[in-house]
Structure formats: C-alpha cells, structure tokens
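Novice: Sequence:
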Amino acid sequence: MTSSLAGRTVVGDPKISTNRGFELVPGEVFFGELREGCTYAMVIHLKNIGIDSCRYKVKQPPPATGLQVIYKPGPVAAGMKAELQIQLYAIAVGVEGESGRGSIGHHVEITTETDFIFLPVSAYILFLNSE
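Following the working numbering, the numbering of the sequence shown begins with 9 at its first residue and continues without gaps.
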C-alpha cells in the first residue's frame, strides 16, 4: 500500500517541511529617493522551492503607507514562480516645513502553507512645497 502527501505537512516530520516553501527574489525592496505624489512600482518573484504545489496569500499593507501589492492568487507549481507587483504612492510622512525628506518602511506579510515571509519595503520621499 502506498500513500502520498500533496499540500499537507506531517506534524513533527522535519523532512517534509524542508521540501516545501517559497523564496523571495529579491528579498528586499528599496525604491530609493522618490518624488511625493507619484506612483512607483517594482516587481518581485515568489519562487516555489519545494517539491509540491503550494499556495500563498498577501496581507495588504494599511492604506496610510501608500503601499499596495498586486498579485494573482492560486497555487504555484513546484519550481515555478509567482509575480508580485509592489506599488507605492509616495506620501511624505514626518516632513515639517517647506521642503524635506521623509521615509517609509513597512514589512509586507506573505502567508504560505508552511510559514510566514516578511518582505521589507522602504523608500525616501522628497517633498518640495510648490506654493
């Protein structure tokens, strides 16, 4: 009699959990210096490094951050990758006076079947008062 495990992990079996999972490429997003009021985007890939197809979901960042993750939900086959587009609407937070430089930093939470992945996203926002 044979049996197979597809999409499940056995509690206490480290062998199975090491054969499943995702890898982020790149592992960090840094937009650099951005102009306030513009929208910027960057693409990252979530690669399935396991031997079975796996699912994932992304917890959207709060609207106050200006971040949004656009992705297509569904299973990712073994060895394949899913594309995630990180969009940032540049909002200068913490800037006082007529001009200056603010910053944004957030960890986007990606939930997979086996663990949680946190993608650090950061940028500097340049603000210039045009009055």
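These are calculated hints, taken from the structure and not from any lab test. None of these values were measured; they are calculated from a predicted model. Be a bit skeptical, because a hint or two may be false.
The following label-pair restraints were derived from C-beta to C-beta distances [to be verified]:
(1) Tyr132 / Met88: 21 to 29 Å
(2) Gln68 / Cys46: 19 to 27 Å
(3) Gly45 / Ile78: 18 to 26 Å
(4) Gly29 / Lys67: 12 to 20 Å
(5) Ala86 / Val51: 19 to 27 Å
(6) Tyr79 / Leu136: 18 to 26 Å
(7) Ser111 / Asn27: 37 to 45 Å
(8) Asn27 / Tyr97: 19 to 27 Å
Backbone N, C-alpha and C fix where the C-beta goes; we use that ideal spot for every residue, glycine too.
Novice: Please go over all the hints and tell whether each is borne out by the structure.
Specialist: Status of the hints after comparison with the structure:
no. : hint                       : result
1   : Tyr132 / Met88: 21 to 29 Å : 34 Å, violated
2   : Gln68 / Cys46: 19 to 27 Å  : 20 Å, holds
3   : Gly45 / Ile78: 18 to 26 Å  : 20 Å, holds
4   : Gly29 / Lys67: 12 to 20 Å  : 18 Å, holds
5   : Ala86 / Val51: 19 to 27 Å  : 22 Å, holds
6   : Tyr79 / Leu136: 18 to 26 Å : 33 Å, violated
7   : Ser111 / Asn27: 37 to 45 Å : 39 Å, holds
8   : Asn27 / Tyr97: 19 to 27 Å  : 39 Å, violated
The structure fails to meet hints 1, 6 and 8 from the earlier list, while all remaining hints are met.
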